[in-house]
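S.K.: Going down the list, the sequences are from chains B and S.
Sequential numbering of the first sequence, starting at 1, is according to the working numbering.
Sequential numbering of the second sequence, starting at 1001, is according to the working numbering.
None of these hints come from the bench; they were simulated from the model.
Note that the structure is a prediction, hence the values are computed from the model and not measured.
Accuracy of the hints is not assured; some may be wrong.
[Stated by the list, open to error] Within a straight-line C-alpha distance of at most 27 Å, the following computed DSS-like cross-link-like pairs (lysine-lysine) qualify:
(1) S:Lys1131 - S:Lys1101
(2) B:Lys298 - S:Lys1131
(3) B:Lys101 - B:Lys131
(4) S:Lys1298 - B:Lys131
[Said to hold, decoys possible] Here are some of the chain S residues that sit facing chain B, going by a computed Cβ distance under 8 Å:
(5) His1148
(6) Arg1189
(7) Asn1210
(8) Ala1232
(9) Leu1236
(10) His1241
(11) Ala1258
(12) Thr1261
(13) Tyr1262
(14) Gly1278
(15) Tyr1282
The C-beta atom is built at its ideal place from N, Cα and C for all residues, glycine as well.
2 protein chains.
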Amino acid sequence: MRLVGVLIACVLLSACVDGKPQVLSSWVEGATKAAIIDFVAEVTTEGSPYFVPVVDRIAVFDHDGTLWAERPEYFQFLMIYEQVRAQAVDHPEWREEQPFKAVLENDTAYLDGLDYAAARQLSAAVSGGMKTTDYMALSHDFATRSLHPGSNARYADLRYLPMLELLEYLEGHSFRVFIVSGGDMGFIRGFSEPLYGVSRDRVVGSSRSNMFADDSSTILRGEKYASMNVGANKVLNIDLHIGRPPVFAVGNSDGDLAMLTYTASHDGFVLLLSHDDGEREYDYISGAEVALQTAHEKGWAIASMRDDFERIFVRTD
Amino acid sequence: MRLVGVLIACVLLSACVDGKPQVLSSWVEGATKAAIIDFVAEVTTEGSPYFVPVVDRIAVFDHDGTLWAERPEYFQFLMIYEQVRAQAVDHPEWREEQPFKAVLENDTAYLDGLDYAAARQLSAAVSGGMKTTDYMALSHDFATRSLHPGSNARYADLRYLPMLELLEYLEGHSFRVFIVSGGDMGFIRGFSEPLYGVSRDRVVGSSRSNMFADDSSTILRGEKYASMNVGANKVLNIDLHIGRPPVFAVGNSDGDLAMLTYTASHDGFVLLLSHDDGEREYDYISGAEVALQTAHEKGWAIASMRDDFERIFVRTD
């Protein structure tokens, strides 16, 4: 019975070596894949000097640029732009008012220079006061239905297949996997379960000052952020939501540096994803300069999309 | 093999009916126990009109007065008093300064009238700037070693056995159980795993404005609370930490009312614990007046310690 199951898995995944299902099959056989597998074996094998009890097996993953793409713009921003366009009929004043005007006119030069304050203004305008459940439904529909500009793929198709395999691999070794993202908590929770198999209580993101409505059953999104989950705040929110340091952390930018350093300082495994594949994804180091330099200095594992990813996206790329 | 397991369980628990292990065996057979079992069967039986998918099976439990006793004073306060006494040698000024003086002189009249501001002042003085890991170690030792005034029992022995059985019963039906308490998050996390089997990431409490230390590996407790987890804040923090409404909620005071109402409004099961057993525990309704009245009006389940608990404490009572 078990053998039949393995054979079926081999046929379905087309990824077996000597009749055994291969793990992390979208990863190129090489130093990075080997380092991951070695670390997981070390911390999960009873009697190993580096054995980590199940209760301490916490893994944290950044989201944008780590679990799915983040170009030409954070997808969350693209959803906000979509909402500005959708809600513009009720706001004729937006046609003359920045930053709304730039969105409605698709003024990419203006939008490329958009700062976080302006992005928050847009976000508050389209989602402040909205039910948190409605916002999650919105982001779910956006991720699974809307099309990414330029590639004609659904956003869900731009998840990184090797990272999905890594989530599953860690969970298979009794890790509790959390998404720890600078993105809006409600945005990610809208699709974290169907797209990543990560339940909402394991999503830590930027959070709003939400309000409990008078009907005693509804929660409404606040206008402002209570906590922007980047940099050192990622560490403080890991402590707030999880209560112990991770032993495995994955990120791709300087906003992840504090979380990666925190994990490394507790003998955890640190993996930095490098966007160096201009043909199949994007080639950029902007916003990751310090993280990449630190990874080289400290000897952290680096996953090169070009060299370590056999395939990149969930959809055929 | 399975039969042997059941027989062993029967011998160990001394709680079998017709050779089947009995559930919730410290609960008196009656309407409250039956209501719990009926609800759990309804929401976990496939095909039932009230079936709840596993991902939505969230249960929340208040802590003080719900999972363990809260008299003569919240145990957390008693630990703070213990720390004031322990640290007094480094603070000679405390001998003349309230509220420290009252603690050092065991001025119970003064301490009975202590308001939350003064309690927070004591807490900040003994734990502000302390490593969060040290604070958890402190509360672990306190809960498992220090003795409760008057009863000569360890605090851990004053956990309610029927509630431990309920936690286990719900987990056995694929509920994810969270502690949602007005108590300090770090205080509860210090012992939530050994005492309740609830991992730290499932403890939601009052939280401090903590600080990330310069060594990049340590988190220090802030002087002030960022969020007092009582009343409507319990609901907002459930949304922040869990991301969906509970379908099962247990509390014992007016501070739980918003959480219980929120759960009820989402067709969840609400259980209010009534402290009405002056012989075996305490008999009081102070601080629970509105919750009890609401429970009666709305038809929520009420667990009477006197009538519904065969046994009360983990230790023999």
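S.K.: Against each hint, give a clear statement of whether it holds in the structure.
M.R.: Hints and how they fare:
{"no.": "1", "hint": "S:Lys1131 - S:Lys1101", "in the structure": "holds (26 Å)"}
{"no.": "2", "hint": "B:Lys298 - S:Lys1131", "in the structure": "holds (26 Å)"}
{"no.": "3", "hint": "B:Lys101 - B:Lys131", "in the structure": "holds (26 Å)"}
{"no.": "4", "hint": "S:Lys1298 - B:Lys131", "in the structure": "holds (26 Å)"}
{"no.": "5", "hint": "His1148", "in the structure": "violated (26 Å)"}
{"no.": "6", "hint": "Arg1189", "in the structure": "holds (5 Å)"}
{"no.": "7", "hint": "Asn1210", "in the structure": "holds (6 Å)"}
{"no.": "8", "hint": "Ala1232", "in the structure": "holds (5 Å)"}
{"no.": "9", "hint": "Leu1236", "in the structure": "holds (6 Å)"}
{"no.": "10", "hint": "His1241", "in the structure": "holds (6 Å)"}
{"no.": "11", "hint": "Ala1258", "in the structure": "holds (7 Å)"}
{"no.": "12", "hint": "Thr1261", "in the structure": "holds (5 Å)"}
{"no.": "13", "hint": "Tyr1262", "in the structure": "holds (6 Å)"}
{"no.": "14", "hint": "Gly1278", "in the structure": "violated (33 Å)"}
{"no.": "15", "hint": "Tyr1282", "in the structure": "violated (30 Å)"}
Hints 5, 14 and 15 from the list above are not met by this structure, while the remaining hints are.
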